[in-house]
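Participant: Spelled out, the chains give:
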Amino acid sequence: MMILKMKKEDLSTFLDSIREWGELWGPVKKGDKCTYAKVDSLSQMDLKATRTIIPPKKFLYPPRFTMFDYDEEGYVERLGDVPKRILFGIHPCDLHGVLIMDKLFLEKYNDPYYRERREKTLFLGHSCIPDDKCMCFATNTDFIAEGFDLFFTDLKMFYLVWVGSTKGHDLVRMRPELFSRELDKNDILNYTEYRKWKNAQFKAQVDFTGMPDIFELAYTSPIWDQLAEKCLSCGQCSMVCPTCNCYNVTDEVELGALEGTRDRFWDSCMFREYSLVAGGSNFRDKRADRLRLWYTHKLQAFIGEFGKPACVGCGRCVSTCPVDINVVTVSNALKELEVGK
Amino acid sequence: MTRHSPKIGVYGFTGCAGDQLMILNCEDQLVDLFGATEIRSFVMAKSDNHEGELDVAFIEGSISTEEQLKRLKEIRERSKVMIAIGTCACHGGPQSMKLGENKFDEMYKKVYGNAKIAISKAFEAQPIDAFVKVDMYIPGCPIDKAEFLGAVTKLVAGRHPYLLKAPVCLECRWKENPCILYSGKFCGGPLTKAGCGAICPSMNLPCVGCWGPTDDLNASSEYNLLKEKGYRSEEIIQKMKKFGGAKMAKLVAEFDKKEAKA
Chain A
1 MMILKMKKED
11 LSTFLDSIRE
21 WGELWGPVKK
31 GDKCTYAKVD
41 SLSQMDLKAT
51 RTIIPPKKFL
61 YPPRFTMFDY
71 DEEGYVERLG
81 DVPKRILFGI
91 HPCDLHGVLI
101 MDKLFLEKYN
111 DPYYRERREK
121 TLFLGHSCIP
131 DDKCMCFATN
141 TDFIAEGFDL
151 FFTDLKMFYL
161 VWVGSTKGHD
171 LVRMRPELFS
181 RELDKNDILN
191 YTEYRKWKNA
201 QFKAQVDFTG
211 MPDIFELAYT
221 SPIWDQLAEK
231 CLSCGQCSMV
241 CPTCNCYNVT
251 DEVELGALEG
261 TRDRFWDSCM
271 FREYSLVAGG
281 SNFRDKRADR
291 LRLWYTHKLQ
301 AFIGEFGKPA
311 CVGCGRCVST
321 CPVDINVVTV
331 SNALKELEVG
341 K
Chain B
1001 MTRHSPKIGV
1011 YGFTGCAGDQ
1021 LMILNCEDQL
1031 VDLFGATEIR
1041 SFVMAKSDNH
1051 EGELDVAFIE
1061 GSISTEEQLK
1071 RLKEIRERSK
1081 VMIAIGTCAC
1091 HGGPQSMKLG
1101 ENKFDEMYKK
1111 VYGNAKIAIS
1121 KAFEAQPIDA
1131 FVKVDMYIPG
1141 CPIDKAEFLG
1151 AVTKLVAGRH
1161 PYLLKAPVCL
1171 ECRWKENPCI
1181 LYSGKFCGGP
1191 LTKAGCGAIC
1201 PSMNLPCVGC
1211 WGPTDDLNAS
1221 SEYNLLKEKG
1231 YRSEEIIQKM
1241 KKFGGAKMAK
1251 LVAEFDKKEA
1261 KA
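One line per chain: the protein sequences are A and B, in this order. Our numbering applies: residue 1 is where the first sequence begins, and numbers increase by one. Our numbering applies: residue 1001 is where the second sequence begins, and numbers increase by one.
None of these hints come from the bench; they were simulated from the model. Keep in mind the model is a prediction, meaning the values are calculated, not measured. Careful, some of the hints might be misleading.
Under the rule of at most 27 Å between Cα atoms (straight-line distance), these lysine-lysine pairs were calculated in the DSS-like manner [unchecked claim]:
1) Lys33(A) with Lys1046(B)
2) Lys286(A) with Lys1103(B)
3) Lys133(A) with Lys1110(B)
4) Lys30(A) with Lys1185(B)
5) Lys1103(B) with Lys1165(B)
6) Lys1250(B) with Lys29(A)
7) Lys286(A) with Lys1250(B)
8) Lys133(A) with Lys1175(B)
9) Lys133(A) with Lys1227(B)
10) Lys1229(B) with Lys133(A)
11) Lys1175(B) with Lys48(A)
12) Lys58(A) with Lys1165(B)
13) Lys286(A) with Lys1257(B)
14) Lys84(A) with Lys1257(B)
15) Lys1257(B) with Lys33(A)
16) Lys1250(B) with Lys33(A)
17) Lys1165(B) with Lys203(A)
Distance windows between CB atoms, simulated [to be verified]:
18) Glu1101(B) with Asp263(A): 52 to 60 Å
19) Lys7(A) with Lys1175(B): 36 to 44 Å
20) Glu1067(B) with Leu104(A): 33 to 41 Å
21) Glu77(A) with Gly1158(B): 22 to 30 Å
22) Ala1146(B) with Lys308(A): 20 to 28 Å
23) Val249(A) with Gly1158(B): 18 to 26 Å
24) Glu254(A) with Lys1175(B): 23 to 31 Å
25) Ala1253(B) with Ala145(A): 21 to 29 Å
The beta-carbon is built from N, C-alpha and C at its ideal position, and this holds for glycine as well.
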C-alpha cells in the first residue's frame, strides 16, 4: 500500500491516458438514478451519485451469459471474449461487496467465468457522499483497505490516491508526473477532517449489533408472516444486492442440430421456483420462509461462516423494494416485534 | 437426427391469431422447424391439412362458443401433449377481463342487441384449461420467438422445455431500469410472468401485464400499496384484470372479501 497525491484537475488527463489499458466505465445518470456505463471521458460521469441501480457485480458475473458451447464432440468455454475494463468511481461498500464475491467464487470453489472477468477488471475506487439510505457505518464497510487497484479520496483541492495493487501501480506509472509522494501535515489533517465529515453524514436509523442472536430468537416470530403479506416476490432485492450471487443454469439447444449453449443467469431465493425440487416438492413453499432465509443468510448465517455480515450497507434494498422490506425495516421489526408502516 | 419427427398441429380460437403469425415470423428457423417436425395441421400456414393423432397440439385463443369447445375437446382427445400458446389460451386474454363480474349477458346485448347470430351459442371467453387438461403454457401477447422455439426444440430433442417463471421485475432489473412501482406509479411487473425482456419498462412505460399472471404473485399487496399511493380501487382492479384472465379474477374476488372483513 502506498498513498499518493494528485491535483483534482489532473484526473481527466489520467483517465484519458489509462484508456490504453482497457475500456473505461463509470457512473452515469439514468433518469433520476445512476448506472455504470462505458464512457469516453470523466465529463460523462456523475461522481456525485450515491449508488447505481445494480452493483458492480454485473461486470464479474453478468445477469445472463453463455458459459460454453457444446456439440457431440464436447464443449468449448467462452472465456476469450471478456473485454479488459477499468471501473472508475466504485464506492467502499461496493468494493466490500466484490471482496465477498471473491470469497465465494475464488476461494473454495474456483469459478473460471468469474476469475476471468475479475482478472480483466481494474477497480478504481472513489470516496462518496452518504445519503439517508446509506448504512455502511453499521456494517463496518464505510472505508476500504483492500480489493481495489487504486482508490481516490476527494479532499476538495487534491485527491489522495491509495495504490492497492501492482496493476494499480502500473496505471500510475503510465503518467507518473501527475502523482506526488510529497505528503505533509496538512494532508493528514484534511484526511482526518474528511473522515469526521463522512461519519457525520449518516442518517439511517439502524444498528445491526447482536443480529445473529436476534435472528435465532425470532426464528418462529409472527413477524415473518406479516412481512410475507407485503412481499411481492419480485426478486428485485436479490438483483440489486452486491452480495446475492445465486444463479440458474439452462441448456439451449439448436433446432435440428446436436449442438447448443449452456447459459447461466441471476436467480433469487425469493422465487418459489428456486426451492422447487424434482418430484414437485418445495422446501420453502411459503413466502415467509423465503424471506426468512434471505435475511437470515445476510445477517446471521454469513457471519457464522465468514465472520462478517453479507450486507455491505449500500442501501440498494432500501432504494428498490416497492413495499419497503429491507435490511433496516426487517432488523427493526424483529427487534421491535412489529412491522413498521 | 434419427429421432422420429413429432406430429404437430397448430390451432386458433378466440384471439387475434398473433401467436400463429409469430410462429410464421420465425423466418430464419422456419425451414428447420418444418424439417424437424411433421406439421399435420396449421390452417394459417398451409392448405393441405390432415386431422388425426398428434404428438403436440398448440392452441391459440380462448374458448367462447359451444362449437369451439367441441372442437377443443376433440383435438385434446387425439393429442398426446397440449400446449397453450399466447395469453388468451393460457389465461383468457382481454376478452376475459370481466370474468367474475356476471356481466356477460349485459355485454352481449350491448354488442349484438337482438340480432340473430349464425354461429353456435356464445359464452364468456375462458382460457382453455377451464375445459381441458393443459400440459404446458407459453404465454405472451404475442408469444416470444425465442421462448417458443426454445420449447419446440427441446420437445423435438425429447427434453423438458424450460420457461422463466419469475415476474417481469427479474428481467427489468437485469436491464437496470428504475423501478416504476417504487416511484409510486402502477406497474404490472411483479404480477406478470417474465419472458418479454421487460420491453415496456425499458421504454419507461409501465408493464400492462400482457403475459398474464405469474405463478407466485402477491396481488393483494400490490393492490394495498397502490391504494396507499392514491389509486382508486376500481382503477387498480381494472388494470390488473386487463390481461389477468381467470387467475386474476379469482385473486381480485379475494380482495373484496378481505376489505369487507376489515
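Participant: When the structure is checked against the list of hints, which entries are broken? Sort them ascending.
Facilitator: Hint check: 1, 2, 3, 5, 6, 14, 15, 16, 17, 18, 20, 22, 25 fail, others pass.
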